[in-house]
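Engineer: Under our numbering, think of the first position of the sequence shown as 413, with each following residue one higher.
It should be emphasised that the hints constitute simulated quantities derived from the structure, not laboratory data.
Be careful, since some hints might not be right.
[What the hints assert, rightly or not] Label-pair restraints from in silico Cβ distances:
| id | residue 1 | residue 2 | range |
| --- | --- | --- | --- |
| 1 | R472 | L529 | 19 to 27 Å |
| 2 | G431 | T533 | 24 to 32 Å |
| 3 | G444 | R502 | 15 to 23 Å |
| 4 | H501 | D469 | 27 to 35 Å |
| 5 | G546 | Q466 | 15 to 23 Å |
| 6 | R510 | R488 | 35 to 43 Å |
Built from N, CA and C at the ideal position, the CB exists for glycine as well.
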Amino acid sequence: MPAAFSTLTPRNHDRDTSGMTYVYPVVSRRAGGVSVGINLNPNHACNWRCIYCQVPDLRRGGPPPIDLTLLEAELRSLLDTIVHGDFMHRHVHEDMRRLNDIALSGNGEPTSAPEFLQVVTLIERVMADFGLLGHIRLVLITNG
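Construct all of the structure, not just a fragment, from the sequences and the given hints.
Structural biologist: Spelled out as structure tokens, the structure:
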């Protein structure tokens, strides 16, 4: 996490706070804790044009090719600091210190990524390695 990174709040879902390409943490008021977001559209492109969309500078188009090796490294790194490190203590208010889910979301339609199935398989493998299968959810936030 960048040195300037401080406490997460339910109002700040900035995907750039982690300094990573694909993976970012958020505190979800709806989920009542921490959600690990995975953004498969880091180019701010989407094939939809939803009038309620809050993504700044969104443009029409599809996602770039997903670097699965980088995505896995980022996910493992963030989960390691959440599960085994002091991430919760340093960045999350006490009443929200609970890992709830890994959410495929981000700056566009996640299911438009050609590597979508590979990404889901990768996430399942990483969740198993961290002992999270059956303990947290894998969430898909989609317009599809």
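Engineer: Can you list which hints this structure breaks, lowest number first?
Structural biologist: 5 and 6
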